[in-house]
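Chains as they are written, first to last, in the numbering used here: chain A, 84 to 356; chain B, 84 to 356; chain C, 84 to 356; chain D, 84 to 356.
Hints were generated in silico from the structure; no laboratory data involved. It should be emphasised that the depicted structure is a prediction, and the values quoted were computed from it without experimental measurement. Among the clues, some could well be false.
[What the hints assert, rightly or not] Beta-carbon label-pair distances, calculated as ranges: (1) MET319/A x ALA108/B: 34 to 40 angstroms; (2) TRP145/C x MET319/A: 48 to 54 angstroms; (3) VAL231/D x MET319/C: 53 to 59 angstroms; (4) ARG206/C x ALA108/A: 53 to 59 angstroms.
[Claimed, not checked] So the derived list for chain B, only partly shown, Cβ under 8 angstroms to chain D, looks like this: (5) VAL129; (6) LEU134; (7) GLY137; (8) GLU144; (9) ALA201; (10) GLU219; (11) ASN221; (12) ILE234; (13) ILE251; (14) ASN260; (15) GLY261; (16) THR277; (17) THR278; (18) TYR281; (19) THR314.
The C-beta atom is built at its ideal place from N, Cα and C for all residues, glycine as well.
There are 4 protein chains.
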Amino acid sequence: MNSSKDWQFRLHELIYESNTPAGKAFDVGLLFAIFTSIAVVMLDSVHFLHLKYGSLFRILEWIFTILFTIEYILRLICIKKPHKYVFSLLGVIDMIALIPSYLGFFFVGTQSLLVFRALRLLRVFRIFKLGHFLSEINFLTTALKGSVRKISIFLLTVLMLTVILGSIMYLVEERENGFSNIPESIYWAIVTITTVGYGDISPVTPMGKFVAAVVMLIGYSIIAVPTGILTHDLAMLARQKKELPESCPSCSREGHDLDAQFCKYCGASLMRN
Amino acid sequence: MNSSKDWQFRLHELIYESNTPAGKAFDVGLLFAIFTSIAVVMLDSVHFLHLKYGSLFRILEWIFTILFTIEYILRLICIKKPHKYVFSLLGVIDMIALIPSYLGFFFVGTQSLLVFRALRLLRVFRIFKLGHFLSEINFLTTALKGSVRKISIFLLTVLMLTVILGSIMYLVEERENGFSNIPESIYWAIVTITTVGYGDISPVTPMGKFVAAVVMLIGYSIIAVPTGILTHDLAMLARQKKELPESCPSCSREGHDLDAQFCKYCGASLMRN
Amino acid sequence: MNSSKDWQFRLHELIYESNTPAGKAFDVGLLFAIFTSIAVVMLDSVHFLHLKYGSLFRILEWIFTILFTIEYILRLICIKKPHKYVFSLLGVIDMIALIPSYLGFFFVGTQSLLVFRALRLLRVFRIFKLGHFLSEINFLTTALKGSVRKISIFLLTVLMLTVILGSIMYLVEERENGFSNIPESIYWAIVTITTVGYGDISPVTPMGKFVAAVVMLIGYSIIAVPTGILTHDLAMLARQKKELPESCPSCSREGHDLDAQFCKYCGASLMRN
Amino acid sequence: MNSSKDWQFRLHELIYESNTPAGKAFDVGLLFAIFTSIAVVMLDSVHFLHLKYGSLFRILEWIFTILFTIEYILRLICIKKPHKYVFSLLGVIDMIALIPSYLGFFFVGTQSLLVFRALRLLRVFRIFKLGHFLSEINFLTTALKGSVRKISIFLLTVLMLTVILGSIMYLVEERENGFSNIPESIYWAIVTITTVGYGDISPVTPMGKFVAAVVMLIGYSIIAVPTGILTHDLAMLARQKKELPESCPSCSREGHDLDAQFCKYCGASLMRN
C-alpha cells in the first residue's frame, strides 16, 4: 500500500530528520520533555520536596514514561530495520531511560535508576547539529578523535604515575593519616596530581608533605601535555583543511601540495596563469 | 541658542569622550570615586569596622550617591537621545548603582544591594581603551568572540557530563556522605571536574572514590579543550590579519579577501601575473 | 655448540624482542602477571581483606616471586653481556621487584616494599611500542625531551617563588593557623600555587588571605607557561619534520624550503625533472 | 697605581663576571652559601630543631652574615660607580639579606626577617645564564615580556569578576557560612575561580551552591586565556625570528632563510657586499 509507505516515510522524517520545520519542532519538543523529566527526577531526590510533592512527581514521571514509550515504539515502526536503532548508542540509551519505571512494578528502589535519563541529554547535540554549530562541532570532534589516542597514552602514564607515587606515599606516610592502604593512597595521588585537592586525605609528616609537594609539581607541569597535544592537532587539522582543494585542470584529481607546479598524477601544469 | 548647544557639546565631550585632557581627567576621577565608594561598601560589610566607623561610612556613601546622581543627570542632559544611554549596558549599571541608596528611605536592608556598584568597575575598560592597551584588548576580544560559540558547546558538554556523572555518584555513594540528592551530587561533580575540590562533599566508599577518580581524570584531560580552541583561534586570527593587506595595484586600497581576483573598490584585477 | 647458541638466540627473541607472535605473547603475559601481582599487593594492604584472604595473598605473592625470579634468570642467561641488563633501568627495577619477598625471610615488614613492583608497570610502554602507538609515542617523547630544559627552568622558578612567598606568609600569618615554621609555609605555598588547595593549612588573618590571593592568582597565571612551551615545541617539531629531507643535487646541503627552486647555498637548480 | 687598577679589575671579573673559571667557581660557591644560609633559617624556624640546635644555627647564621657582608663590601669597592650596584635590584636584595642580622642587636624578633634571604635565590638565574640555558631563558623572557600587558588585562578582568561575583555571593549566602563580609566573599571568589578550592569557606545554601558552580565553570573556562595568549606570542616570536625580511635584489621575491646565500627563486646572489 502506497499510503502506508508514505505515512511511514513522513513519520521517519518527523522523528529522525530535522531539516523540516515539523522535524525541528519534534526535536525541540523532545528535548524539552527530556529536560523536564530529568528535572522531576532531580527534584524528587531532594528529601523535603519528595515529602511535599512526591505524588505529583510520580504522576509526572509516569506521563513522561508513557510519552517516551510511545516515542520509542514510533521510532521502531517507522524504519525498515528496527534492530539498527535498538542496538545503536541512542537506542540503547532510550531503552535504559524507560526500563527503571517499568521495573518499579516488580522491584522496590529501581526508581533511583531513573537518573540515567540524564544520558538522553546527549540528544542535545542533535539539535545543535541543525544550526550554525555544525561546522564547529565537526571541527572539534575531528580534532578530538585525532587526539584521543595520544591523550589515552597521557592518561595511562598519569595513572601509572599515581600507582607508583601512591605506593611510595603509602610507605612514607602514617596509616592513621588516611593513607590506610594502597588503593586509598592511589586515590589520594589522583586527587593531588589532577590538582583537585579535596583535603579529605592530606599528608601530615614532613616526609609525606615533601612527597606530596613533588606530586603536585608533577601534576602542575604535565597538565601542559594534553593541552599541547590538542592545540597542535587543531593547528594540523586547520592547515590540512586549508591546503586541500587544488584539483588538476587536466585530470581533476586532488591532493596536490601547495608548491606543486605539475599534477603528480598526469604531469599537466598546475599553474594558473 | 548657540551657546546652549555649545555648552551641551562640551559637556558631552567631557563626560562621554576621553580624547581631551579634561575628558581623561573626568574618567580617571570617576573611576577613583567608583573604587572608593566600593571600598566603603566593602569595609562597611566588616562587622567590627561597621560598629566603629558606621556613621562615617554612611556619610561617605551619601556623598558618593549624590555625586553619582549628579553624574547620571549630566549624562542624560548632554546627549540628544537620553533613552539610548538609559537602556545601554553602562546606563543600566549606573542606575543599579544608584537605586539601593534611595530605596533605603523606604525599605530596610536594601543597603547591602550597594555591592552592585562593583559592576561600575566595568568602566575600567574605558580607561584602558585610551592608552596603548587598545590593540591588545581588540585582539583578545575578537578572538574571544570567535571562540565563544565553541567554548559554549564545551561548557554545555561539561554541564551534561556533570549531570550524568553526578547522577551516577548519587546512586553509588551513600546518602549520609553528602550526596543526599541529585542536585547536590551535580554540585559535587562540578566542584570535582573543574578541579576546584573544596572537600565539603567527598566520596567515602571505595566505589565512590573510584567514580570520583574517573571524574577527576576527565576534568584534568578536558581542560585542554577550551585552551586548544582559544589558542587555535588566536593563531587563525593572527594569520588572517597578516594575510589581509593586499593592496590594489590600481587604487592601492587594502582589505581584500584572500580569494578576491578583482579589487572590490575599483574593479581592477588583483592577479599578479 | 650450535644448538645451544640457537636455543639462546630463540630465548632472547622470545623475551627481549616482540616482533614475533611468541615474543608478543610473552610480553602480554608478563604484563598480565605484573598487573595481577600489583593487584595482590594492593588488596593485601587493605586491612579487612588481609584478615580474610591474607594466606591466599601470601601464596599468590610467592608464585609471582618465583615466576619473576625465573624470568630474571632467563633474561640473564640468554644475553651475551648479562651485566648490561642488570645495570639497565628495567634490570634494576626487576631486581627491586624481587628483593622484598626474599628479604621477608630475614626481616619483618619488608613486604610493604613490594609496592615498588608498580615500577614494573613501565613495561607497559614496551607493549605499546609494538602497535600503532609508536609514532605518537615518538612524537610526544621527542617534544617532551626538547621541552624538559625549559620546563625545568619553569619549575625552578616556581620553587623559588614558593620559597619566597612561603617565607613571606610565615611572617604574615599567625603560627597557630598552621604556618608554624618556614618549611610548612613553603608546603602551603606549593599546595596553593599549583591550585591543589587541600585546605589543611589555610590563611585566617585578613593580611594572610590577601597574600594567599596573590599566590593563587600567580599560580593561575603562570600555569600558561609550561603549556605555552610544550605547544610551541610541538609546533616547531611538526614544522621541522615536514621541511626536512630536501638535499641539493649539486652541493648536497640540506635545509631548503619546500618552495625553493634553487639551492640557497650554491645556486644550483633543485628541480627534479 | 696600575697594580691597584689591576687588582680591582680582577676582583670585578671574579665577582661580577662568570666567563672565567674563577668567576664561575665564585658564583657557584656564593649560590651554595645562599642555599645553606636559607636552609639554616628554615630549620631554625622549626620549633623542636630550634630547641636542639638553636645555638649552632645562631653561629652559622653569623658566619653567613659576615661572609655576605664581606661579599657586599667587595662588590662595592671593585666597581667604579658603587651606587649603581647599591640601587640595583640585586644590590637592594643583598642589602635586605644583611640588615635583619644586624638589627638583631637593637631589636628583638627581627631575625624572622632573615627569610627574605630567599630573595637572594634570584642569583640562580645568573648561574643558568652561563650555560646552555641562555637561549631558552632569553626566548621565554622575551615572550613573557610581550605577554605581560595582555596577561595584566586578563588578571584585572579576573579581579573585577571576583569583586562582582564575591559581592553577589555575599548577598546570596548566609553570613554564618563564612561569607561574613564582602572582602571575605571576594577571597572566596578568588579561591574558587583559580580552582584552588581550600574548602575553608564553601557555600551551604542551594542558591549559594548554584552561584559557586557558575564561578567554578567561569574559572575553568577562562584559564584558557593566559595560555592562549602566551602560546600565541611564542609562535609569533618564533615566526618573526625566522622571517626577518630579506628580499632578493634580482627578482625581489621574499621568504628566504636567514642563512640563504642565493635566491631560491632565481638563483641570484643574496649577499649584500
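> How about THR277/B: closest beta carbon in chain D under 8 angstroms, or not?
Replying inline: holds (4 angstroms)
> Hint check: is the beta carbon of GLY137/B less than 8 angstroms from a beta carbon of chain D?
Replying inline: violated (13 angstroms)
> So does VAL231/D sit 53 to 59 angstroms from MET319/C, Cβ to Cβ?
Replying inline: The hint (53 to 59 angstroms, Cβ to Cβ) is violated, given that VAL231/D and MET319/C are roughly 23 angstroms apart.
>> Taking the Cβ atom of TRP145/C and the Cβ atom of MET319/A, is their distance within the range 48 to 54 angstroms?
In response: Once the Cβ atoms are compared, 51 angstroms apart, the range 48 to 54 angstroms for MET319/A and TRP145/C holds.
> Quick one: are ARG206/C and ALA108/A within 53 to 59 angstroms, going by C-beta?
Replying inline: Holds: the Cβ-Cβ distance is about 57 angstroms, inside 53 to 59 angstroms.
>> Please check whether THR314/B passes as an interface residue: C-beta within 8 angstroms of a C-beta belonging to chain D.
In response: holds (4 angstroms)
> Holds or violated: is there a CB of chain D closer than 8 angstroms to the CB of ILE251/B?
Replying inline: violated (18 angstroms)
>> Quick check on ASN221/B please, does its C-beta sit within 8 angstroms of some C-beta on chain D?
In response: violated (11 angstroms)
> Going by Cβ atoms only, is ALA201/B closer than 8 angstroms to chain D?
Replying inline: Given a least distance of 5 angstroms, the restraint on ALA201/B holds.
> At a threshold of 8 angstroms, is the proposed contact between GLU144/B and chain D supported by beta-carbon distances?
Replying inline: violated (14 angstroms)
>> Quick check on TYR281/B please, does its C-beta sit within 8 angstroms of some C-beta on chain D?
In response: holds (4 angstroms)
> At a threshold of 8 angstroms, is the proposed contact between VAL129/B and chain D supported by beta-carbon distances?
Replying inline: holds (4 angstroms)
Hint compliance for this structure: hints 1, 3, 6, 7, 8, 11, 13, 14 and 15 are not met, and every other hint is.
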